[in-house]
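Could you slot chains R, G and S onto chain P? The hints should help.
Residue numbers (the working numbering), protein chains in the order written: chain P, 1 to 258; chain R, 1 to 258; chain G, 1 to 258; chain S, 1 to 258.
No lab work stands behind these hints: they were computed from the structure. These numbers come from a predicted model, not from an experiment. A portion of the hints provided could be inaccurate.
The calculated lysine to aspartate or glutamate pairs, modelled on EDC-like cross-linking and capped at a C-alpha distance of 16 Å, are [stated by the list, open to error]:
#1 P:K61 with R:D218
#2 S:K216 with S:D79
#3 R:K173 with P:E60
There are 4 protein chains.
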Amino acid sequence: MNTEIKILKQIEPKDFTLISGLPGVAYIGKLSVDYLMKQLKAELVGEVYSKHFPPYVLIEKDGLVELLKNQLYRSNSKDGRNFLFLTGNAQAFSPEGQYEVANEVLEWASDHGLKRIFSLAGFVTDRPFDKPNVYITTTKSNLLEEMKKLGGIALDQGIISGANGLIMGLAKKMNLEGACLLGETHGYQTATGRYLSDAKAAKAVLNLLASFLDLKLDMDPLEKQAQQTDEVIAKMAEVERRIQEQMKQEAKKPSYVF
Amino acid sequence: MNTEIKILKQIEPKDFTLISGLPGVAYIGKLSVDYLMKQLKAELVGEVYSKHFPPYVLIEKDGLVELLKNQLYRSNSKDGRNFLFLTGNAQAFSPEGQYEVANEVLEWASDHGLKRIFSLAGFVTDRPFDKPNVYITTTKSNLLEEMKKLGGIALDQGIISGANGLIMGLAKKMNLEGACLLGETHGYQTATGRYLSDAKAAKAVLNLLASFLDLKLDMDPLEKQAQQTDEVIAKMAEVERRIQEQMKQEAKKPSYVF
Amino acid sequence: MNTEIKILKQIEPKDFTLISGLPGVAYIGKLSVDYLMKQLKAELVGEVYSKHFPPYVLIEKDGLVELLKNQLYRSNSKDGRNFLFLTGNAQAFSPEGQYEVANEVLEWASDHGLKRIFSLAGFVTDRPFDKPNVYITTTKSNLLEEMKKLGGIALDQGIISGANGLIMGLAKKMNLEGACLLGETHGYQTATGRYLSDAKAAKAVLNLLASFLDLKLDMDPLEKQAQQTDEVIAKMAEVERRIQEQMKQEAKKPSYVF
Amino acid sequence: MNTEIKILKQIEPKDFTLISGLPGVAYIGKLSVDYLMKQLKAELVGEVYSKHFPPYVLIEKDGLVELLKNQLYRSNSKDGRNFLFLTGNAQAFSPEGQYEVANEVLEWASDHGLKRIFSLAGFVTDRPFDKPNVYITTTKSNLLEEMKKLGGIALDQGIISGANGLIMGLAKKMNLEGACLLGETHGYQTATGRYLSDAKAAKAVLNLLASFLDLKLDMDPLEKQAQQTDEVIAKMAEVERRIQEQMKQEAKKPSYVF
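Only chain P is shown next, with the shape it has when bound in the complex:
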């Protein structure tokens, strides 16, 4: 088991667009993609497991245990276009692992009809703003120009770290069309370093993407969802404190016994 893509529903190869939103800054990518999937009634078609994910398991609300994983969902838009979504509860742990997982997913997708890819993520600034910008970088010039016309602001320097960046760089190497949409956020964090999810940034990212893809989305529930999410996070503060305490205990654990 290095990195394994476990197919739950067989997919016949045909042209599709991949939209990726893995956990990262202010959960903007994950929040956006999860919302989009709900609106487009996407169904789970595959899971990605890897020894490169962090070495622990989650206990879910139903009391059941769960490996860290990424997930692939599929849906069709009303006019028959095919979409695949990449989401999950983890990014790979090591630098090499981040390359490997992104590459495995992209190669699998490429074998199944991948034509275009959008990666949704966050971009931290300390600029005061009413409406967050959406920053963009792409694999091809024409895509950049089209997105600028819709209000996206092209970046011309900097780096994008982690899975959301690597998947775009690997798409460029494979000569695929792709764009990374980065929602502006202040990246507020709790005392324990946990991000508050930023639904305003997610909304800005989704508005640009929907406009570009000509998708009709009901945006009302997104703000509500964001409020609920913030309440959940508040309740999680105590849980989190306990997790951190437990991890601190684990870290002190000697790796030998008598």
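Here is chains R, G and S on its own, set in the frame of chain P:
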């Protein structure tokens, strides 16, 4: 040599239950499984070696040197049920190594008749208590319900790190029945960060497991064993101090020579 | 994808000299090789990708995204000698990765006619100087003697870390002729630990190499280029501050979500 | 290239004893084995290269560059017994690498007639002493008893970290006869954390080994060699300071460029 399962006694494949207790918080898992094995007169049938274990060897009481390793023991209950036990003196060192060792063991077991798995471990709280709780998480809902009836307390959030958690997550992915039993402990540590073994927690874990599996165990020696263990640990304080001193010296060692 | 050499223009195997200048101390190696390539009108013939490079992508000035990579360029001198150049925007991240990338490149080159190799890099001293020294170490004694005659100063102790050193050590093991030319520099750094590129050291290195290889180079633009580079670096200070801020944010990012 | 054993002189398989002394605490193992090889006029027969060694190259006194490596030497004693020696200028960098290199060497040796192995190393104590003890641990009880009769002191607890320990643990797993001889030392270090080589401890280790193997050695030059070594180390203090400065500079080096 990546991870190697060295079979000492050939096992014909037939249905069995695996009970795992690797070193971890307060040695609750290891203590429980070692005790259970003694009571069920288990015999050593295999050893697990891996380059992912920490890079040192142990000097045993008889003056002989020993690689770090995990061990597989086997026994039958009086009514003919088959049990396999996983114990050892180390967990893998790196995140990737933890996945690999857990996965190798589970795949080997699955090829030899593995039907159900119990992972025993500790759970640190700062709640004052007379009688420690046993917290549980499982791979299937029915197992969770059955254990709750016997007094187990279902977790509904959090993480389990290391081998004891990963083996359960991997079992879920393989669609196996499994439960993790976590004995409540205060996780007291010596000045050098070494856990005191917690026999009270081990007893609570074993009581729940024995009740669930309908095993009759003589629990008297467990408390005595715990007392002896605590004396051993006290004597080991000086040894440990020397080990730490030596490791500190080793860490300073330059990796080149003239 | 471990390490991949992607050939853009097919090269028929024939004897050639490889000149390597990867990013390092004061960018002396990269600056020297990039300059040499411009003067010798080298063309891009291949790219080196690796999961061992750091796990992020660059956003280029044109708004497009780019994986970290090394590059292979080719040119002929006026008298028909063949040169290959190795440059790039990254070195491998992990110790094992540094060996692997250097070894892959060298094995590929060896299969395509590699006869001799020069590795250009920097050497930090705190000696006050008007004219920087060029320090040398080689794989064969005769090469060392020839370079000493041209003003190179033989090192007789110390280490060379990273790709520029490993490629030379691996060349020695393959019994290839090779020399490492290290331009003396004070290695000034910006507040964020970024090197100022040292064109004076690059000039000294190139003068020795051109003299040894009997290449006629116009050295005037090099000083100008260095001045421009320093201006670019000044402008990049603010960018860099933002990158660091973003990396700090990323580092705080929890690797799990609710 | 993972780990490669490069044979320089073909060895026909026949029974031999391996004596290992890799760099470690106070250079006791390396000093002992290098001395023994000189006395027994051993010749170089193979080299061990690995991507798991630290990622830098050495510049030797003759100005030539050298990869880090281990070396295999061979000699016969006057009565016709065969000895192989393992020495070198590095140990593997990562935990997994330490297992891999030790295992590769041992498997190669086992294929060529390895019957018995001695690993020589240091053991730091703060006990005041006139004559250093030689501590021992073995893979078999009879060997331990024989060495105790010759003055060795059996250890009955603790760990041995790194290659010198792992090679012994792996020998135990392969059911080979083996002993680790650890010379007592105070492990003095220079201000930069570099060990002073301890020839008194090396002498004690060699005396026990020679007595056990019934080898006649001229021990006079050893003390002299130790004095010379100490002078060399004194001269190296300045060099070392420069290396450390350079490594510090390298560590600050950003891994991207504009």
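Which numbered hints are broken by the structure, listed smallest first? Number 1 - this is the single hint that the structure violates.
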